[in-house]
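Peer 1: Please take these sequences and the hints and turn them into a complete structure.
These protein sequences, in sequence, are chains A and B.
Under my numbering, the first residue of the first sequence is numbered 1, with each subsequent residue one higher.
Under my numbering, the first residue of the second sequence is numbered 1, with each subsequent residue one higher.
Any given hint might turn out to be false.
[To be verified] Partial pick of chain A residues on the chain B-facing surface, computed with a CB cut under 10 Å:
1. L21
2. C22
3. P66
4. I69
5. I72
6. V103
7. S119
8. S139
9. V144
10. A186
11. G187
12. L196
13. G197
Keep in mind that the hints were calculated from the coordinates and are not lab data.
Owing to the predicted nature of the structure, the values given are computational and were not obtained by experimental measurement.
Virtual Cβ for every residue (Gly too), placed ideally from N, Cα, C.
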Amino acid sequence: MRKIKDGVIKENPLVVLMLGLCSTMAISTTFEKSFLLGIVVLFVLTLSNVVVSLLKKGIGKSVVTPSLILIIGTLVTILELLLSTFVKPLYDAFGIYLSLIVVNCIILGRAILVAMKESVKESFMDGVGIGLGYLLSISFFGLVREILGHGTITIVDATQNVFGKTIVLHLFDGNYFPISFFVSPAGAFLVAGILLGMIGTWKERKHETR
Amino acid sequence: MKLVSLFLTALLTENIILTKFLGLCPLMGNSKREGHAYKMGLLVVLTTVLSSIICYLFYYHILVPTETTHLRTLVFIFTIASIVGTLEILIKKYFPSLYKSMGLYIPLITTNCAVLGVSILTIDHAFSFLETFVYAIGSSMGFLLVIYVFSTLRIKMDQAPILKGFKGTPIAFITLGIIALLFTRYGL
Numbered sequence: 001m002r003k004i005k006d007g008v009i010k011e012n013p014l015v016v017l018m019l020g021l022c023s024t025m026a027i028s029t030t031f032e033k034s035f036l037l038g039i040v041v042l043f044v045l046t047l048s049n050v051v052v053s054l055l056k057k058g059i060g061k062s063v064v065t066p067s068l069i070l071i072i073g074t075l076v077t078i079l080e081l082l083l084s085t086f087v088k089p090l091y092d093a094f095g096i097y098l099s100l101i102v103v104n105c106i107i108l109g110r111a112i113l114v115a116m117k118e119s120v121k122e123s124f125m126d127g128v129g130i131g132l133g134y135l136l137s138i139s140f141f142g143l144v145r146e147i148l149g150h151g152t153i154t155i156v157d158a159t160q161n162v163f164g165k166t167i168v169l170h171l172f173d174g175n176y177f178p179i180s181f182f183v184s185p186a187g188a189f190l191v192a193g194i195l196l197g198m199i200g201t202w203k204e205r206k207h208e209t210r
Numbered sequence: 001m002k003l004v005s006l007f008l009t010a011l012l013t014e015n016i017i018l019t020k021f022l023g024l025c026p027l028m029g030n031s032k033r034e035g036h037a038y039k040m041g042l043l044v045v046l047t048t049v050l051s052s053i054i055c056y057l058f059y060y061h062i063l064v065p066t067e068t069t070h071l072r073t074l075v076f077i078f079t080i081a082s083i084v085g086t087l088e089i090l091i092k093k094y095f096p097s098l099y100k101s102m103g104l105y106i107p108l109i110t111t112n113c114a115v116l117g118v119s120i121l122t123i124d125h126a127f128s129f130l131e132t133f134v135y136a137i138g139s140s141m142g143f144l145l146v147i148y149v150f151s152t153l154r155i156k157m158d159q160a161p162i163l164k165g166f167k168g169t170p171i172a173f174i175t176l177g178i179i180a181l182l183f184t185r186y187g188l
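Peer 2: Listed below in structure tokens is the structure:
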């Protein structure tokens, strides 16, 4: 349990460790996409941690990185094939960023730092913790960007062939002039900077009052 | 003429860091020292150009004829890892001083999203061989440009009086946002 809490708060991959930024910034234009990317990363991270931990005795020291990339690459390829068959619109929405999960520093980093050393159970818990931390922070980031940029909250859109209908909440009853700047790449940097700065200031205050 | 405009688009208006977010991790981690950033950028240019050419050849001459295009990601990442490994050995042998300062960071180029990203993008755009070459040079030079400009700004940022909570990464992100606005001519 403590491991999971650490992954969400103390070692949050986005807020504290600043890892896995490329796909986060590119995909987080709507709440739905960011939430689903979080799920995908959680899934790959947990599986790769477990597989690496199971095989750690067989991996020679000189071939650590290639073997880890092979394991993660295989998992991502399986996922690519599944998504492109069953949820094509989502696969198209992710684009190249799905393949780029292979070089996502969170997954490779956890495999080297944790899964190569700890037991299977520990690695599993670590994967779930860090994955949840990522899921929560990317969903929040996507939520903020979509509300500011579109004035909506998309819950089901790209996955509509699975759920059978689209669910998009329109906040402000259409009286909102969307500031599309926030969903553009430049806006992503600004929103990320301001959110991180707010968290930093809050931490600073907490530190001072103690 | 088309190639020139492709080069300029890849270099400036569709800069891989500022519009596609590829290569953000090394940008945030490696840009603290000016000289360092520029060496890193040059190595990335070399790796990206080599890997996109080799990946292009692998894709159209091995994967397409054998109908195994779904193995693209795996084949590409292995190509990149081998290129980076070879480069590391060559640099260790012929440029020992460069190896001394950059040694630890060279293996990390494998996990630089920009390298894999550009190799996949050239396939997605269905570029010809020549276009692949020009696109790879343009976009990796774009990476070099941004990482260099950003590292010079970062030195100034360290001395500026910034709110404590915003120091470090937050202000770096905000600065990048402003650079992105300039590069992509937002709204024009």
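Peer 1: Against this structure, judge whether each hint is valid.
Peer 2: Hint check results:
{"no.": "1", "hint": "L21", "verdict": "4 Å, holds"}
{"no.": "2", "hint": "C22", "verdict": "4 Å, holds"}
{"no.": "3", "hint": "P66", "verdict": "6 Å, holds"}
{"no.": "4", "hint": "I69", "verdict": "6 Å, holds"}
{"no.": "5", "hint": "I72", "verdict": "9 Å, holds"}
{"no.": "6", "hint": "V103", "verdict": "4 Å, holds"}
{"no.": "7", "hint": "S119", "verdict": "26 Å, violated"}
{"no.": "8", "hint": "S139", "verdict": "18 Å, violated"}
{"no.": "9", "hint": "V144", "verdict": "14 Å, violated"}
{"no.": "10", "hint": "A186", "verdict": "4 Å, holds"}
{"no.": "11", "hint": "G187", "verdict": "7 Å, holds"}
{"no.": "12", "hint": "L196", "verdict": "4 Å, holds"}
{"no.": "13", "hint": "G197", "verdict": "4 Å, holds"}
The structure does not agree with the numbered hints 7, 8 and 9 stated previously, though it agrees with the rest.
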